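Colleague: Spelled out from the first residue to the last, the chains are:
Number of protein chains: 2
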Amino acid sequence: MKSTVHRKRLDFLTTISASRAREIIDSYEIELDSESVRIEESVGRVLAEDIFSPEDLPYFDRSLVDGYAVSFKDSIGASENNPIILTKKGTVRVGELPKLVLGRGECVYANTGALIPDGADSVVMQEFARETGDFVEILRPVYKGENVIFKGEDVKKGELVLTKGKRISPFDVGVLAALGVTELRVKKRPKVGIVSTGDEIIPPQEKADSGKVRDVNGYALISLFRKLGGETTYAGISTDNIEDLMEKLTLIKESDILIISGGSSKGERDMIVEAVKELGGDLFFHGVNIRPGKPFFFGLIWNRPIFGLPGHPLSCLIVAHRFVLPLFHKLAGEREKRSKSIYGILTTNVPSTYGVEEYVNVRVEVEGKNVFVHPVFAKSASVAVLTRSSGYLAVDESKEGHEKGEEVKVYLYEI
Amino acid sequence: MKSTVHRKRLDFLTTISASRAREIIDSYEIELDSESVRIEESVGRVLAEDIFSPEDLPYFDRSLVDGYAVSFKDSIGASENNPIILTKKGTVRVGELPKLVLGRGECVYANTGALIPDGADSVVMQEFARETGDFVEILRPVYKGENVIFKGEDVKKGELVLTKGKRISPFDVGVLAALGVTELRVKKRPKVGIVSTGDEIIPPQEKADSGKVRDVNGYALISLFRKLGGETTYAGISTDNIEDLMEKLTLIKESDILIISGGSSKGERDMIVEAVKELGGDLFFHGVNIRPGKPFFFGLIWNRPIFGLPGHPLSCLIVAHRFVLPLFHKLAGEREKRSKSIYGILTTNVPSTYGVEEYVNVRVEVEGKNVFVHPVFAKSASVAVLTRSSGYLAVDESKEGHEKGEEVKVYLYEI
Numbered sequence: 001m002k003s004t005v006h007r008k009r010l011d012f013l014t015t016i017s018a019s020r021a022r023e024i025i026d027s028y029e030i031e032l033d034s035e036s037v038r039i040e041e042s043v044g045r046v047l048a049e050d051i052f053s054p055e056d057l058p059y060f061d062r063s064l065v066d067g068y069a070v071s072f073k074d075s076i077g078a079s080e081n082n083p084i085i086l087t088k089k090g091t092v093r094v095g096e097l098p099k100l101v102l103g104r105g106e107c108v109y110a111n112t113g114a115l116i117p118d119g120a121d122s123v124v125m126q127e128f129a130r131e132t133g134d135f136v137e138i139l140r141p142v143y144k145g146e147n148v149i150f151k152g153e154d155v156k157k158g159e160l161v162l163t164k165g166k167r168i169s170p171f172d173v174g175v176l177a178a179l180g181v182t183e184l185r186v187k188k189r190p191k192v193g194i195v196s197t198g199d200e201i202i203p204p205q206e207k208a209d210s211g212k213v214r215d216v217n218g219y220a221l222i223s224l225f226r227k228l229g230g231e232t233t234y235a236g237i238s239t240d241n242i243e244d245l246m247e248k249l250t251l252i253k254e255s256d257i258l259i260i261s262g263g264s265s266k267g268e269r270d271m272i273v274e275a276v277k278e279l280g281g282d283l284f285f286h287g288v289n290i291r292p293g294k295p296f297f298f299g300l301i302w303n304r305p306i307f308g309l310p311g312h313p314l315s316c317l318i319v320a321h322r323f324v325l326p327l328f329h330k331l332a333g334e335r336e337k338r339s340k341s342i343y344g345i346l347t348t349n350v351p352s353t354y355g356v357e358e359y360v361n362v363r364v365e366v367e368g369k370n371v372f373v374h375p376v377f378a379k380s381a382s383v384a385v386l387t388r389s390s391g392y393l394a395v396d397e398s399k400e401g402h403e404k405g406e407e408v409k410v411y412l413y414e415i
Numbered sequence: 001m002k003s004t005v006h007r008k009r010l011d012f013l014t015t016i017s018a019s020r021a022r023e024i025i026d027s028y029e030i031e032l033d034s035e036s037v038r039i040e041e042s043v044g045r046v047l048a049e050d051i052f053s054p055e056d057l058p059y060f061d062r063s064l065v066d067g068y069a070v071s072f073k074d075s076i077g078a079s080e081n082n083p084i085i086l087t088k089k090g091t092v093r094v095g096e097l098p099k100l101v102l103g104r105g106e107c108v109y110a111n112t113g114a115l116i117p118d119g120a121d122s123v124v125m126q127e128f129a130r131e132t133g134d135f136v137e138i139l140r141p142v143y144k145g146e147n148v149i150f151k152g153e154d155v156k157k158g159e160l161v162l163t164k165g166k167r168i169s170p171f172d173v174g175v176l177a178a179l180g181v182t183e184l185r186v187k188k189r190p191k192v193g194i195v196s197t198g199d200e201i202i203p204p205q206e207k208a209d210s211g212k213v214r215d216v217n218g219y220a221l222i223s224l225f226r227k228l229g230g231e232t233t234y235a236g237i238s239t240d241n242i243e244d245l246m247e248k249l250t251l252i253k254e255s256d257i258l259i260i261s262g263g264s265s266k267g268e269r270d271m272i273v274e275a276v277k278e279l280g281g282d283l284f285f286h287g288v289n290i291r292p293g294k295p296f297f298f299g300l301i302w303n304r305p306i307f308g309l310p311g312h313p314l315s316c317l318i319v320a321h322r323f324v325l326p327l328f329h330k331l332a333g334e335r336e337k338r339s340k341s342i343y344g345i346l347t348t349n350v351p352s353t354y355g356v357e358e359y360v361n362v363r364v365e366v367e368g369k370n371v372f373v374h375p376v377f378a379k380s381a382s383v384a385v386l387t388r389s390s391g392y393l394a395v396d397e398s399k400e401g402h403e404k405g406e407e408v409k410v411y412l413y414e415i
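Note that the protein sequences, when read in sequence, are chains A and B.
The first sequence stops at residue 415 when you use our numbering, and every number in between is there.
The second sequence stops at residue 415 when you use our numbering, and every number in between is there.
Hint data in this document are derived by calculation from the structure and do not stem from the laboratory.
It is possible that part of the hints are untrue.
Treat identical chains as interchangeable: a pair holds within one or across any two.
[Claimed, not checked] Think about it this way: if two alpha-carbon atoms lie no more than 16 Å apart in a straight line, the pair counts; the simulated EDC-like pairs of lysine to aspartate or glutamate are:
hint, residue 1, residue 2
1, K379, E153
2, K207, D56
3, K369, E407
4, K207, E96
5, K188, E243
6, K99, E400
7, K188, E146
8, K212, E55
9, K227, D244
10, K212, E367
11, K379, E29
12, K404, D118
13, K164, E334
14, K157, D209
Note that the structure is a prediction, hence the values are computed from the model and not measured.
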């Protein structure tokens, strides 16, 4: 694993802009190791190498129809009224190797998919031929290569077939099988470690009495990164005690990305920052001009990136989508941008504050060819809102909102 | 597992229309069993039960800000110049149970997320209050419920939270955790069994000489159904020998859906049909007015659905998308229609035959807000075409094609 960060650490932690925060996170350069997998296990993994074809596909000239393999020259001038008569030298079935070379005036019957012998370059469909004993009447001329796929016509030996960084699809697996590639190198799954914090947070199996609330972020984040092909470690819930948090963080030390969620009050946030520093970590920023999620931080610990996400579930998950997923996808080695978005018509005015990149949770409704974008307003502590959401708008810091009827871009949640 | 088929078997196998084929497949009614999973393992699975909230969420009245919990009545008329003075009865931190009931003229400091005590119904943000010794000056009135989320306001006990048939998202897992639901019943993964057939077909690790070609369909179909959440059994490759095929079919006897691919010549197809019948199976149709894929068949064997798909990879995968996936999704128990589609502008004329539902493989290109649909023409035996494809058009049997510039619907491949 190589890892470098081009940014100097900020000595004075001040609130920065969303675009600056993105720049800093983007500057984190890392490449994860690769591993070998069999093609039947490879779907959804990310290719860690370019795949060049080890051979020609097809491996031989193949008939595309049931008919008579001929030299096209032998068919010139053939017609229903003036058929050309060729000598039938036998039949080639699919999967068979013909033992002959075709001479002029000769043909063989070839099934769909069969190898056509040397000397033949075209196939006359059986509908346009008449077999009588050892002879075949050709009723129509063929052009050179008609009804044939030539050796290497589909894929040439040495041709680039799949590119490093491609997420392997079921179709790709089929192509690899066709080429005889049975194993490949794929990127290791990024390891994401997650700690939830807060004296009030309890595990889901506990009773939510005495002013406690159950951990939502830990479970949602685990599921999100698993769904995206990551490996996750959930260190559990830390109290607002620095020793406890340091212990929990140490549990996810081997992760490629570390995430702490929580710290809604200033005191808790200070404690989290203190714990990161105590363990030798550095923060590059702490506080971004975004809403929700302002106290968001990013840094390095054990030479690995660490994110501090808000405690409120919706805020936590929006900030994770906006800032953590791009780094996750980079680590996953995927070449293509994966942030899924859609355009639609806004159904309500959305006010926003100038100078702040503001995220508005929305529900997208598709009616035929129309896409409607409904903002979903809810109290900050709402959890149920998650089941009614499809994505979010990001209102630029230079804007004071969007108007009803405007076409807006929705970033879809990875759900 | 319950399974019934409402269609009578067709005694005379004739070519039927695509819509009739869909009707027959749709009439196959089946419900798979469910199983229990822990929520952290549930993402991507399909809910087999409705989830009603076992309790109120939040479980108590919570403060949404840092400030002073009060009775709103005690704040009426408060202003910067005429503050109302309340007695501070202490502090409630998040995760703590307050030991007091608030009387008139009293307040407590409450952190964001803290339980607010009986007697309080609102929270004055700390910016609008001034603490001096045991007293707090309230500088602004609050309305009843301001800055508070009440017990059950997010989710009421007994409320329907998630519906049977929903594919569980990372956000759903978060909501379930919040409600203390740690286990749920999900649909079992549909089991798909696959046999490839053909004397010319060899496994990917073998050398493609002597007129043989490697199995593409088996590998692509396994990967497709795995990606969609199924369990797959690949019985391997059967030669065009009835005994061999019967043996291979028996290997996938326990599958919920059985698929045979291959049989490009009439002789092979007859042998496949013979094998299915020999094992006690029935075909409901054999031959559909579609292109490609005309010899496609569907029936029942061991009381389970069996599909016969074309041998050419692209044809096989289009017919699988068009006819097998709807049944797969039905078995998976998913409530929502899952066939993903997109509209776009056709960039080339696409001719088609009247009376035949014709599938045209396409590549979709998104340029900003424009979607372009490029038909991908390739020889029937082409495999590499799979890496350049995003979906297909289905030209209705009542049409003779589409024109360049027309807006057409593309069914996206599940890749």
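Colleague: Now tell me, hint by hint, if it's right for this structure.
Modeller: Checked hints:
1. Taking the closest pair of Cα atoms, K379 and E153 come within 16 Å of each other only across two copies (10 Å); inside a single copy the shortest separation is 61 Å, beyond that limit.
2. In this assembly of identical chains, K207 and D56 lie within 16 Å of each other by CA distance solely across copies; the values are 12 Å between and 64 Å within a copy.
3. In the homo-oligomer, the alpha carbons of K369 and E407 lie at most 16 Å apart both inside one protomer (14 Å) and across protomers (11 Å), since each shortest distance falls under that limit.
4. In this homomeric assembly, K207 and E96 come within 16 Å of each other (Cα to Cα) only across copies, at 14 Å, whereas the closest approach inside a single copy is 70 Å.
5. Taking the shortest Cα distances, K188 and E243 never come within 16 Å of each other, neither inside one copy (32 Å) nor across copies (43 Å).
6. Within a single copy, K99 and E400 get their C-alpha atoms no closer than 79 Å, and across copies no closer than 45 Å, so neither meets the 16 Å cut-off.
7. Taking the shortest alpha-carbon separations for K188 and E146, neither the intra-copy value of 46 Å nor the inter-copy value of 49 Å comes in at or below 16 Å.
8. For the homomeric pair K212 and E55, the shortest alpha-carbon distance between copies (14 Å) is at most 16 Å, but the shortest distance inside one copy (63 Å) is not.
9. In this assembly of identical chains, K227 and D244 lie within 16 Å of each other by CA distance neither inside one copy nor across copies; the values are 29 Å within and 40 Å between.
10. For the homomeric pair K212 and E367, neither the shortest alpha-carbon distance inside one copy (42 Å) nor that between copies (49 Å) is at most 16 Å.
11. In this assembly of identical chains, the alpha carbons of K379 and E29 never lie at most 16 Å apart, being 37 Å within a copy and 43 Å across copies at closest.
12. Taking identical chains as interchangeable, the C-alpha atoms of K404 and D118 are never at most 16 Å apart, the minima being 70 Å within one chain and 41 Å between chains.
13. In this assembly of identical chains, K164 and E334 lie within 16 Å of each other by CA distance solely inside one copy; the values are 8 Å within and 34 Å between copies.
14. Taking the shortest alpha-carbon separations for K157 and D209, only the inter-copy value of 14 Å comes in at or below 16 Å, while the best intra-copy value is 67 Å.
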